[in-house]
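There are 2 protein chains.
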Amino acid sequence: MKYSDKILNTPSSFIRNILKVTDAPDVISFAGGLPNPISFPIDELKQSINHAIDENGAKLFQYSTTEGYLPLRQYIADKYKTDFGLDFEPEDILITTGSQQALELISQVLLNKGEGVVIEEPGYLGAIQAFTLAEPVFYPVTLEEDGLNAEQLEETLSTNEHIKFIYTVPNFHNPTGITYSQEKREAIYEVLKKYDVALIEDDPYGELRWSGEKLPYIGAGRLENSVLLGSFSKIVTPGMRIGYIVTKNKELMGHINTAKQAMDLHTNIFSQMILHDYLASNDLKTHIGKIADLYQTQANTMLNAMAKYFPSTVNYTKPDGGMFIWVTLEEGTSALEFFNKAMEEKVAFVPGDPFYTNKTNVNTLRLNYTNSSTEMIEEGIKRLGKILYALSNEKQTV
Amino acid sequence: MKYSDKILNTPSSFIRNILKVTDAPDVISFAGGLPNPISFPIDELKQSINHAIDENGAKLFQYSTTEGYLPLRQYIADKYKTDFGLDFEPEDILITTGSQQALELISQVLLNKGEGVVIEEPGYLGAIQAFTLAEPVFYPVTLEEDGLNAEQLEETLSTNEHIKFIYTVPNFHNPTGITYSQEKREAIYEVLKKYDVALIEDDPYGELRWSGEKLPYIGAGRLENSVLLGSFSKIVTPGMRIGYIVTKNKELMGHINTAKQAMDLHTNIFSQMILHDYLASNDLKTHIGKIADLYQTQANTMLNAMAKYFPSTVNYTKPDGGMFIWVTLEEGTSALEFFNKAMEEKVAFVPGDPFYTNKTNVNTLRLNYTNSSTEMIEEGIKRLGKILYALSNEKQTV
Numbered sequence: 001m002k003y004s005d006k007i008l009n010t011p012s013s014f015i016r017n018i019l020k021v022t023d024a025p026d027v028i029s030f031a032g033g034l035p036n037p038i039s040f041p042i043d044e045l046k047q048s049i050n051h052a053i054d055e056n057g058a059k060l061f062q063y064s065t066t067e068g069y070l071p072l073r074q075y076i077a078d079k080y081k082t083d084f085g086l087d088f089e090p091e092d093i094l095i096t097t098g099s100q101q102a103l104e105l106i107s108q109v110l111l112n113k114g115e116g117v118v119i120e121e122p123g124y125l126g127a128i129q130a131f132t133l134a135e136p137v138f139y140p141v142t143l144e145e146d147g148l149n150a151e152q153l154e155e156t157l158s159t160n161e162h163i164k165f166i167y168t169v170p171n172f173h174n175p176t177g178i179t180y181s182q183e184k185r186e187a188i189y190e191v192l193k194k195y196d197v198a199l200i201e202d203d204p205y206g207e208l209r210w211s212g213e214k215l216p217y218i219g220a221g222r223l224e225n226s227v228l229l230g231s232f233s234k235i236v237t238p239g240m241r242i243g244y245i246v247t248k249n250k251e252l253m254g255h256i257n258t259a260k261q262a263m264d265l266h267t268n269i270f271s272q273m274i275l276h277d278y279l280a281s282n283d284l285k286t287h288i289g290k291i292a293d294l295y296q297t298q299a300n301t302m303l304n305a306m307a308k309y310f311p312s313t314v315n316y317t318k319p320d321g322g323m324f325i326w327v328t329l330e331e332g333t334s335a336l337e338f339f340n341k342a343m344e345e346k347v348a349f350v351p352g353d354p355f356y357t358n359k360t361n362v363n364t365l366r367l368n369y370t371n372s373s374t375e376m377i378e379e380g381i382k383r384l385g386k387i388l389y390a391l392s393n394e395k396q397t398v
Numbered sequence: 001m002k003y004s005d006k007i008l009n010t011p012s013s014f015i016r017n018i019l020k021v022t023d024a025p026d027v028i029s030f031a032g033g034l035p036n037p038i039s040f041p042i043d044e045l046k047q048s049i050n051h052a053i054d055e056n057g058a059k060l061f062q063y064s065t066t067e068g069y070l071p072l073r074q075y076i077a078d079k080y081k082t083d084f085g086l087d088f089e090p091e092d093i094l095i096t097t098g099s100q101q102a103l104e105l106i107s108q109v110l111l112n113k114g115e116g117v118v119i120e121e122p123g124y125l126g127a128i129q130a131f132t133l134a135e136p137v138f139y140p141v142t143l144e145e146d147g148l149n150a151e152q153l154e155e156t157l158s159t160n161e162h163i164k165f166i167y168t169v170p171n172f173h174n175p176t177g178i179t180y181s182q183e184k185r186e187a188i189y190e191v192l193k194k195y196d197v198a199l200i201e202d203d204p205y206g207e208l209r210w211s212g213e214k215l216p217y218i219g220a221g222r223l224e225n226s227v228l229l230g231s232f233s234k235i236v237t238p239g240m241r242i243g244y245i246v247t248k249n250k251e252l253m254g255h256i257n258t259a260k261q262a263m264d265l266h267t268n269i270f271s272q273m274i275l276h277d278y279l280a281s282n283d284l285k286t287h288i289g290k291i292a293d294l295y296q297t298q299a300n301t302m303l304n305a306m307a308k309y310f311p312s313t314v315n316y317t318k319p320d321g322g323m324f325i326w327v328t329l330e331e332g333t334s335a336l337e338f339f340n341k342a343m344e345e346k347v348a349f350v351p352g353d354p355f356y357t358n359k360t361n362v363n364t365l366r367l368n369y370t371n372s373s374t375e376m377i378e379e380g381i382k383r384l385g386k387i388l389y390a391l392s393n394e395k396q397t398v
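These protein sequence lines map, in sequence, to chains A and B. For the first sequence, full-length UniProt numbering begins at 1 and goes up steadily by one. For the second sequence, full-length UniProt numbering begins at 1 and goes up steadily by one.
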């Protein structure tokens, strides 16, 4: 058998592959991007399951429409109105099989082989993987502490005509945990309004904020080719695989609908109706507030442990929300080598390599704090610190 | 915005588009391919939902593995052992978001732009749609009453080196309702074993048999590049979107796994665990027997009504199972014109056109009998017969 060039070029997910190793009960894993299971509203969902079946019967179990369950799309539209004053209608929203499918839909609809995608450097590896199936050329633009470098973005767009879209995670970015500043959002908007490109704002973590005020989107509601991606994976449950695409560009939405038909006909309607019942019967804001409190405690535990156990030469981000901390080791230290030593000590994380489209053997890495107890976080960081001191010339003081 | 060539060339599903029109309560629809909702085991599924949550808790709601829930894959492997004596292991099985996603996965993994796919003529329109996103060249091979024309298949394969796979629906074919004979299966196997191509056997309807004996697969268990597709949509519920791919080719399965990661990470684990609980707690054979009995009654009602109300110049298939009847009108009669007249009389079906990759304005059409009451079937066929008599020169005798 000969396989397609696109699949031979698509990286298998480093994270998904190591999850099997890191699943072992004696491994402390900061590798995945898993929500804390104690945050799942299981009792409320169970009530909604029984209620939704009693109310709707066979409709939960039959084929359904490609665009998704109308009351769920209405709920999402109303939520953007309340939270951001954005004027979306249900027809601007299509329900996807998780946000991951949204990435695949967009790249299939927009990209011919060899056309361009601007991606954050470092950027979300699931997006790199999804886009790669459409065989694009990646244009990495440096992600700074407050967002994409706007000058570099303009330079990239002005010198490469075949770029189709820019992919961003503006809030509590994966993998770095950073959030785009208000100024950076404006600067990027000013650049993008001059070009015929789509802006993808992928926002699965935005509501998980425990510090600071939420900011308006870069393009949503004002750029013609704005595409917003959302998900219930981090605020209700990832197991049901329910995400969504929002765009007011009707032609684009029509093509996305056709691609969705070809890919899986429609998203699981059983789960859509249960999720809608849950959202209609519970106060989501209160629930999200509890998750944010939990993650703040976990993040602070990790940051305090890093301050205590890591050499002073190690730098890292201090997120105001979300699920990740991004660590930069001393210049020349290999994150992959660090990973191998850490696994010997039964601690896992994701070395930076898969978050870049054109760099290897980097000195950066991603830590997740949401799926470990505070005791495990303290112990895991302690072990990592010990290895880091051994790798550096600094003398450990703790 | 400029869109990709592949999406501009992908047809939007005729069926999905007309479903909106045919959903009106006063329309008698033979258009969709929907199971009869009275066949959904709602009470048993409700029990399984509560039981699965009580047993597994947060696991139903967390991220899960790309290949799918192990006990469900084990159940599927055991079922093939029992039903066909086929020796599959869970590692040969990957759970997909419905069979539709399996079609998309296979075409992404195997096809470069311009490479070949052999498709039945007429063939399943959802497959044509999914494959089109990978920009192949289609090689239609005539589907006869007992399966693909084997000589034409051999001629096609021997003269076109870039063909990657053959797509078939061997049991109660969509759209025609025909089943491949034992002799045809052998003849096709003898052809395929000489070529380095994959054989896709898509079998969502095979268990819905009310007449005759089940037959062994063409390639499963004996062709190296055999791929079998299955689904729970027609025998339990389509709303949960659970299908699967079976292949013993490990390299192919590895690539499919990578593509699945890129497309949606994994199939809804909440639904997988509930479905598995249902399958482990109930006798599926008994349940399927009831569905087959129901569909036999509906099919016979339609066939008897067609014998009574249709002109004698109209030909049609007489299925031994499944969900569809294929109608061939008098030479020169346009199924699309017939469709427009039928919609005026509030009866819907699918004109043959979307089931062909290179023909339009054909004289064939698909009727579905599973989602209408026997009264509605009788009334709908009566109305269609009246139009057909008006379109033909024959005099109506009923």
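Keep in mind that the hints were calculated from the coordinates and are not lab data. There's no promise every hint is true.
Claimed, not checked - So the derived label-pair ranges between C-beta atoms look like this:
1) A:N340 with B:Q182: 38 to 48 Å
2) B:N50 with A:N393: 44 to 54 Å
3) B:D23 with A:P216: 30 to 40 Å
4) B:E213 with A:D26: 48 to 58 Å
5) A:K81 with B:E330: 53 to 63 Å
6) B:Q74 with A:D26: 21 to 31 Å
7) A:P25 with B:Q74: 20 to 30 Å
Each residue gets a CB set at the ideal place from its N, CA and C atoms; glycine is no exception.
(request) Given the hint of 44 to 54 Å, check if N50 (chain B) and N393 (chain A) actually sit that far apart at their C-beta atoms. (result) Given about 59 Å between the Cβ atoms, the range is violated.
(message) Given the hint of 30 to 40 Å, is the C-beta distance from D23 (chain B) to P216 (chain A) inside that range or not?
(response) holds (38 Å)
(message) Assuming the hint says 53 to 63 Å, is it satisfied by the Cβ distance from K81 (chain A) to E330 (chain B) or not?
(response) Taking Cβ atoms as reference, K81 (chain A) and E330 (chain B) lie about 56 Å apart, which means the hint holds.
(request) Confirm or reject the claim that P25 (chain A) and Q74 (chain B) have a C-beta distance inside 20 to 30 Å. (result) holds (22 Å)
(message) I want to verify a distance hint. Is the separation of the beta carbons of E213 (chain B) and D26 (chain A) within 48 to 58 Å?
(response) holds (53 Å)
(message) Range first: 38 to 48 Å. Now tell me if the beta carbons of N340 (chain A) and Q182 (chain B) are that far apart.
(response) violated (56 Å)
(request) Hint says 21 to 31 Å; check whether the CB-CB distance for Q74 (chain B) and D26 (chain A) agrees. (result) holds (26 Å)
Consistency note: the structure conflicts with the earlier hints numbered 1, 2.
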